[in-house]
Amino acid sequence: MSHATIVTPTPEGGFQPHTVAHHFKTAEQEFQAAKFAFWLFLVTEVMLFGGLFAAYIYYHGFYPKSFQAGGSLLDWRLGALNTMFLLTSSWTMANGVRCSQLSRRKEMVVWLWWTVVLAGGFMVVKYFEYSGKFHHGIFPFTQVWHPEGHYGEVLAGVAFPKLFFNIYFTMTGIHGLHVLVGMIAIGWLIWRGGQGRFHSGWYIPVDLIGLYWHVVDLIWIFLFPLLYLVP
Amino acid sequence: MANTSHDSHHHDVVVDHSHHGHVSTFQIFLRVYVTLCVLTIVTVAASQVDFGGANMLIAVLIASIKASLVVTFFMHLKWDTAMNNIAFLGSLLFLSLLFLFTLADFATRGMADPTQMSPIR
Amino acid sequence: MTTHAPAHEIPTVEGRREPDYLRVTKGFMSWVTTLDHKRIGLMYLFGVTLAFIVGGIFAMLLRAHLWNPGPDGQMFSPQDYNQLFTLHGAFMVFAFIIPAIPGSIANFALPLLIGAPDVALPKLNLASFYLWLFGTVLLSYSAITNGLDTGWTFYTPWSLKSQTAVLSAGLGVFVIGFSSIFTGLNFLVTMHKMRARGMGWFQMPLFCWAIYASSVLQVLATPVLGITVALLAFEHIYHIGVFDPAEGGDPVLFQHFFWFYSHPAVYIMILPGMGIISEVVSTHSRRPLFGYKLLAFSSIAIAVISFLVWGHHMYTSGQSEFAMQAFSFLTVLVAIPTAIKMWSWVATIWGGSIALTAPMLYAIAFLVIFTIGGLTGVYLAALAIDIHLHDTYFVVAHFHAVMMGSTAIAFFAGVHHWWPKMFGRMYNEKLASIAAIVILTGFMVTFLPQFEMGSQGMPRRYATYSEQWVGYHRASTVGAMILGAGFALMVGYLLHSLIAGRKAKPNEWGGVTLDWKCPTPPNLYNFDDEPIAGKLYDYGPTLKR
Amino acid sequence: MIAFQDPLGQLPPQASTFAADHDALFYFLTWVSIGSFALILGLLTYSCVRWRRKTPDQPAASDVTHNTKLEVVWTLIPAIIVIVVFAWGFKGILPQQIAPADARKYRAEAYTWAWELYHPGATKSAGELWFEVDKPARVELTSRDVLHAFFIPAFRVKRDIVPGFRNQIWFQPTLIGDYTLFCAEYCGDQHSMMHRVVHVVDAATYVKEPWAALPETPEARGEYFFNMKGCLACHGTKADSPDPIGPTFFGIYGRKGRLSDDSEYTADEAYIHESIREPQKKIVKGRAPVMPPFDATSLSEEDVNDIIAWMKTLK
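Chains as they are written, first to last, in the working numbering: chain F, 1 to 231; chain A, 232 to 352; chain W, 353 to 897; chain V, 898 to 1212.
Source of the hints: derived by calculation from the structure; they are not laboratory data.
A portion of the hints provided could be inaccurate.
List time: in silico EDC-like cross-link candidates among lysine to aspartate or glutamate, alpha-carbon distance up to 20 Å [said to hold, decoys possible]: (1) LYS951/V / GLU860/W; (2) LYS25/F / ASP881/W; (3) LYS65/F / ASP281/A; (4) LYS887/W / ASP960/V; (5) LYS1135/V / ASP424/W; (6) LYS513/W / GLU1006/V; (7) LYS988/V / ASP344/A; (8) LYS1002/V / ASP344/A; (9) LYS1153/V / GLU1171/V; (10) LYS951/V / GLU781/W; (11) LYS513/W / ASP1042/V; (12) LYS857/W / ASP954/V; (13) LYS1182/V / ASP1165/V; (14) LYS25/F / GLU882/W; (15) LYS645/W / ASP960/V; (16) LYS25/F / ASP880/W; (17) LYS65/F / GLU599/W; (18) LYS309/A / GLU28/F.
Remember, predicted model here, so these are calculated numbers, not experimental data.
Produce the entire structure from the sequences given, and follow the hints as far as they go.
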């Protein structure tokens, strides 16, 4: 019951061969198993964020005015900029995966670099957005905005305005955490990819982290209009 | 792998050059990317117009179109196995059940008796 | 992956080509770092049994407390009693029942049943085990330091006001949740990609179908529990207001979220149990399962419908009439696939060649108790009746019939069924039969009075109670002690068999599924030769007289 | 409808108009359950006796592995039964949802771990509830802190009390007698002490407003309030009562000690009065500020004085 399957890329040099894990019969089986497993993992991500979206819509129904007031204090320009960052990074990621499938090592690394840089841009904008809110006394979960001034005016008299910001911080915070994890994972891909680890014979990690990255983008596609535009 | 010899620990080395996944073209990705950018502009533009109760619906609709483009092309689901499609679409189905039933409760509360579960504030 | 020693160094055991998985490597480290699904299964078996014992001790203490109606003359203060029932629930649900069958039995038997060398993702499998361990340690830490008195359901706002260790316990539940997700995910991939040559979907043993259905639930529902517990933690620390009415939240939303997971969770618990019963009933009656396809589909039907019924925990909460109506209708529908399963098992036994072995006795105990649990579930699904019975001992008795009397007993049926395969040794069958009968008796004595009390209106989670229920409570306490004795006896003879049990036959029960076609105990990669699946449940030679 | 008898004699008395309907379905299900259980147990026993394996290689007696007709039948029969049960149960709950317009308006405010119960028109809360027989009553339910539930088994009614929301429950008592009101939703430490007596009385008794009647002596009244307002959840009355939350009242009058700001206090009448009305104002050192306040709708000035009078007797 014991064997080893070694997968090598098409003739191009500088790549490391991959040994198929012991309990799989073929590289195809290993690939399909990993891919199916990862889709199931993405299912859990969808359900996890789905709970947050359900809470958002639930309370949007409860307190439409509060959500309107809170949403008007978020800067949709920054949100739109971040949307562009993530959309573009999604595109570069897709190209990175494509290059790994074609054993184009250097091109792949460049595309992945772009992805990380754009994700970094996203985080920088997020940083300015958050610190802008902190400046006005809107801290994650503990909010002490000044009763006078713009924030005080907008939020005066609406029911439970903190609820909107708490949901905003929870959703964008957990999403931001996913971006960070993604950046680390893509960084690892760049490192291993540079060593010639991924090629047409074996590119599972690139493919899977790519899927993950697209889901991060996917969630933001919904977060952006719901938090910044609709209220 | 049907190895019936007693010396079953001998490693049979199999070299495999197979391609597993679908390789998309650069053009498709570029076209999808441009469409996504256009849709982002559309959703921002739409948000500047007040459609009343339909605001949320329109925003979610555009977001769904964008999301399905990402899933179909960037994530290769169009060319992926049936089971991966079922898994992902299934999650959306069950998520919509969570939404549907939770919101159905909220939306229809107090229909028989308005004093039932009426908020105090 | 572990690499093999070269062939010539392998010590040969008579009649086997390879050493079995228990002996292939030695030492503590070879166990705690193993990627072998069977060893991980055994570690789970050991772990969940410990959790079961801890939860069981809590149960016996709280039953002892209820000997007197109180408040004078009781063993504990009400606060301590509240902690006891909470910890009993939390340990039994999260640390025992949810991981028990998937973690131990399915981990061990599922790859064997489908003829695979291992699960698809062995490293993830080991990670699941350690996540479970970490979560259980966190639960124990909460129990030891500050206790927990929220009830296992963590209902807000009490769980926000409680001074006990809600945070660490919540984190424990969160972590165990991820263990459960990864286990389910792993099994789904394994069944999809690792089935033996010749095994189509409808040649899969029914245990696999049951695990399949419950894995779907694990993957889809558990993340919602994760986010709910995370929000609860934020609420607890920062008062974000999502579940706290004082901050604008709606406690009913917490209930929706919680039960969106926790109702499917009861099927995560019972479905694998049903799967075990299918295998045991078939093997020990020498009959293919009656109505195989209907049984397989009924597992899937239960899984799907179970997602749509969570609102039946909330009939009295003030949710809308429309929601109640929808939830009630969907809830009664679950009874149909459940009834199908029941009849199929009975029809499988009918006309079989019935060996009243220990696993079969446990399976019969399951059938008897599950009938009670299933039928009383219909009471609770009916709106008008549930209004009266909700949050009474009737509910307590009903879900113990399903969880303890069915799932736990199915788990033990599975343990007895695969014990010879796991260890290559047999337990004392006479003692095992006695234990099965003691446990069945103990169950009836404990919980039948609780059905009575509940119908009379005795609310659950009461530290003190009215004089009129003294007799029922005392009977129930006596029953709990009988149950405790039965389980103690079981643990005793099982441990004894490891040291002094007779050597098991290669195919102790004459089973015909693939798990009985590999060596006993199995090799590291299970089979000597790649198994090829033939006709399922083919007792053929024995059928022709 | 066929009248199903109670096979096990297990339900409480039928004291409201909802009870008979509820019980009919309950008994129907009980008969169905007894029937199905007996059938399954019978089949199992018969099989195990008839086809018990006597020799190790005994084959199964039957090789039938499926029978479409049988499978359809055992799917359809439970399906029909459960759909009947659903419809019946739904029909039973509908009248509970909408209170008649002429129902008398009661109010119940739950808190950890007692009830403030207001009779129609009353501004002051009572310890127990009185209902007139055959007259519909509607109870408005609110909670000050956590989830509770209003549950009277004899009336077959139950409704959760969700903080932040107003709920209501209605029923029409039909049988004169004393019943129990329970809190059915777990609410913490003294959850099991949140029960109260519910009286169903005739019209002649009802018009006398029996809820206004209190014990004769001030000390007895003080003890009555102690029991009714949930004080006993945190305070003992004996020298050796455990006191994890609040102090025992044994010998409390005149006790001296230190407050959280290290100033001294003496538990005199003014101090105890303040501790009941505004308990958060002065916190004894080492105690948590958890006691709820009791305003004049809950305890009048005389009531507070009665409690103090009773406290003086505890030594």
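Status of each hint after checking the structure:
1. LYS951/V / GLU860/W: holds, 17 Å
2. LYS25/F / ASP881/W: holds, 13 Å
3. LYS65/F / ASP281/A: holds, 15 Å
4. LYS887/W / ASP960/V: Judged against 20 Å, a Cα distance of about 14 Å means the pair holds.
5. LYS1135/V / ASP424/W: With a Cα-Cα distance of about 13 Å, the restraint between LYS1135/V and ASP424/W holds, given a limit of 20 Å.
6. LYS513/W / GLU1006/V: Cα-Cα ~19 Å, so holds.
7. LYS988/V / ASP344/A: Roughly 16 Å between the alpha carbons, so the hint for LYS988/V and ASP344/A holds.
8. LYS1002/V / ASP344/A: holds, 15 Å
9. LYS1153/V / GLU1171/V: Judged against 20 Å, a Cα distance of about 16 Å means the pair holds.
10. LYS951/V / GLU781/W: holds, 17 Å
11. LYS513/W / ASP1042/V: holds, 9 Å
12. LYS857/W / ASP954/V: holds, 15 Å
13. LYS1182/V / ASP1165/V: Holds - the C-alpha atoms of ASP1165/V and LYS1182/V are around 17 Å apart, at most 20 Å.
14. LYS25/F / GLU882/W: Roughly 11 Å separates the two Cα atoms, so the pair holds.
15. LYS645/W / ASP960/V: holds, 16 Å
16. LYS25/F / ASP880/W: Within the cut-off at roughly 15 Å; holds.
17. LYS65/F / GLU599/W: holds, 16 Å
18. LYS309/A / GLU28/F: holds, 19 Å
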